[in-house]
Amino acid sequence: MRSQAITQFAVGLVLTAGTITFATAADLPLGDKDMVLIPKGEFTMGSNEHGDETKHQVVLDPYWIDKYEASNARYKEFMKATSHPAPAYWDDPRLNKQNQPVVGVSWTDANAFCKWDGKRLPTEAEWERAARGPDGDNHYPWGHKLDPKKANYGQNVGRTMPVDSYPEGVSGFGVYNMAGNVFEWVEDWYDPSYYKQSLALNPKGADQGYNYANQGPVKVLRGGSWLAPETSLHTSHRFWNQPDNNSYGVGLGFRCAKSAAT
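Numbering (our numbering), first residue to last: 1 to 262.
Certain hints may be false.
Listed below are the simulated DMTMM-like cross-link pairs for lysine to aspartate or glutamate, each with C-alpha atoms no more than 20 Å apart in a straight line [claimed, not checked]:
1. LYS149 - ASP164
2. LYS97 - ASP164
3. LYS258 - ASP61
4. LYS33 - GLU77
5. LYS196 - GLU49
6. LYS196 - GLU53
7. LYS40 - ASP61
8. LYS149 - GLU230
9. LYS76 - ASP117
10. LYS80 - ASP91
11. LYS76 - ASP34
12. LYS119 - ASP61
Pair by pair, the computed Cβ-Cβ distance ranges are [to be verified]:
13. PRO192 - GLY158: 42 to 52 Å
14. PRO167 - PRO192: 27 to 37 Å
15. ARG94 - PRO229: 13 to 23 Å
16. LYS196 - SER83: 36 to 46 Å
Simulated from the structure, these hints should not be mistaken for laboratory data.
Nothing here was measured: the structure is a model prediction, and the numbers come from that model.
No residue lacks a Cβ here, since even glycine has one placed at the ideal position from N, Cα and C.
Hey, can you work out the whole structure from these sequences and the hints?
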């Protein structure tokens, strides 16, 4: 990750044919009530902070994203239904409460859960737009100023917090904990030069991942964690890890997404 691996309105708008329609939780299939609709729109992705974050314009079709990180309770349902093995740290008393985010998961685990749940992992662009909010310019999900009361990072609590914690730190779209708590796997392969050649419309990431430290291609992680420093909370900040590697697992989680009808 960066230089040293990981140092660790549930109401939305859909624009169709020039008409604005409102979408609410009632429009979602049963079981998907805790998702937020992100409307079609354009935003500036990236920043001037790092060479792999070249600013570029992105347009995304509407999509749904989980309001909360995947919880231990939901992951337990997945394991029971599929006989999927328990992740690392499943029995750690700091991390295993039902309403805490599941941790110790690899990208492969997260991808399997989302497919089982009828969803998918968000793309990196989808994740960043949901974090930045409607104005598309927030340095943190809640605005431009760091506030320790709005995120769990830097071991300021010493454990993960429930997935509905820090309501004052939600993004402008109403998505929780997009800064801190757990790093979140996204769909994309990580390539440090990808932003310079990214598609403008619905980008899906690099065709193959960067072979970090000759340990194999890596997938993107976003959002920072309860162990990570303040810089990891920036909405543009990128991290990476091998898809089957959960060696930094106490801070690795995810949330799911799904495309919206247009």
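Hints, verified against the model:
no.: 1; hint: LYS149 - ASP164; result: holds (14 Å)
no.: 2; hint: LYS97 - ASP164; result: holds (13 Å)
no.: 3; hint: LYS258 - ASP61; result: holds (11 Å)
no.: 4; hint: LYS33 - GLU77; result: holds (17 Å)
no.: 5; hint: LYS196 - GLU49; result: holds (15 Å)
no.: 6; hint: LYS196 - GLU53; result: holds (9 Å)
no.: 7; hint: LYS40 - ASP61; result: holds (4 Å)
no.: 8; hint: LYS149 - GLU230; result: holds (13 Å)
no.: 9; hint: LYS76 - ASP117; result: holds (12 Å)
no.: 10; hint: LYS80 - ASP91; result: holds (16 Å)
no.: 11; hint: LYS76 - ASP34; result: holds (17 Å)
no.: 12; hint: LYS119 - ASP61; result: holds (16 Å)
no.: 13; hint: PRO192 - GLY158: 42 to 52 Å; result: violated (33 Å)
no.: 14; hint: PRO167 - PRO192: 27 to 37 Å; result: holds (35 Å)
no.: 15; hint: ARG94 - PRO229: 13 to 23 Å; result: holds (20 Å)
no.: 16; hint: LYS196 - SER83: 36 to 46 Å; result: holds (43 Å)
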